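Engineer: Read in our numbering, the first sequence has 17 at position 17, and its numbers run on one by one without any break.
Because the hints were derived from the structure by calculation, they are not lab data.
Bear in mind the structure is a predicted one, so any value in this text is a computation, not a measurement.
Careful, some of the hints might be misleading.
[As the list claims (entries may be wrong)] Computed cross-link-like contacts, DSSO-like style, restricted to lysine-lysine with a CA-CA straight-line distance of at most 30 angstroms:
(1) Lys22 to Lys88
(2) Lys87 to Lys22
(3) Lys77 to Lys22
(4) Lys87 to Lys59
(5) Lys88 to Lys59
(6) Lys93 to Lys59
(7) Lys77 to Lys87
(8) Lys77 to Lys93
(9) Lys89 to Lys22
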Amino acid sequence: MAIKLYGLRLDVNMKNKFFTQKVLNVVSQIPRGATLTYKEVAAQAGSPNASRVVGSILKQNYDLSIPCHRVIRSDGKIGEYNRGAQKKKQLLKEEGAL
DNA sequence: TAGTTGACCGGAA
DNA sequence: ATTCCGGCCAACT
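Let the hints inform the model, and build the full structure from the sequences given.
Structural biologist: Structure (structure tokens):
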């Protein structure tokens, strides 16, 4: 559904490709040994309340050049991972991020 | 195009 | 410490 507001088309229920690109970019910039939370990534990408969406985006991404294992939950838990939560924990430990 | 689904978050019980 | 619940919003169907 599209809503017109002051000449702007706000598409409800439709994708925001800018957000997705920004998320991937932010995650790819996380240095070795550092971690960000899903919420922080969402904020960096311009949508502070879209932490859950960050997860679904990273879930879709299989590009190894994007270190999505460095994104963890704000409550201190590790969170999920494409190749298994154990693998994620192991990678972080190897980088000294734990 | 409308409805459903989560790699989440923060507060409440 | 641990579930439970409502809100969030791009992707999926």
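Engineer: Of the hints stated earlier, which fail here?
Structural biologist: Violated hints: none; all satisfied.
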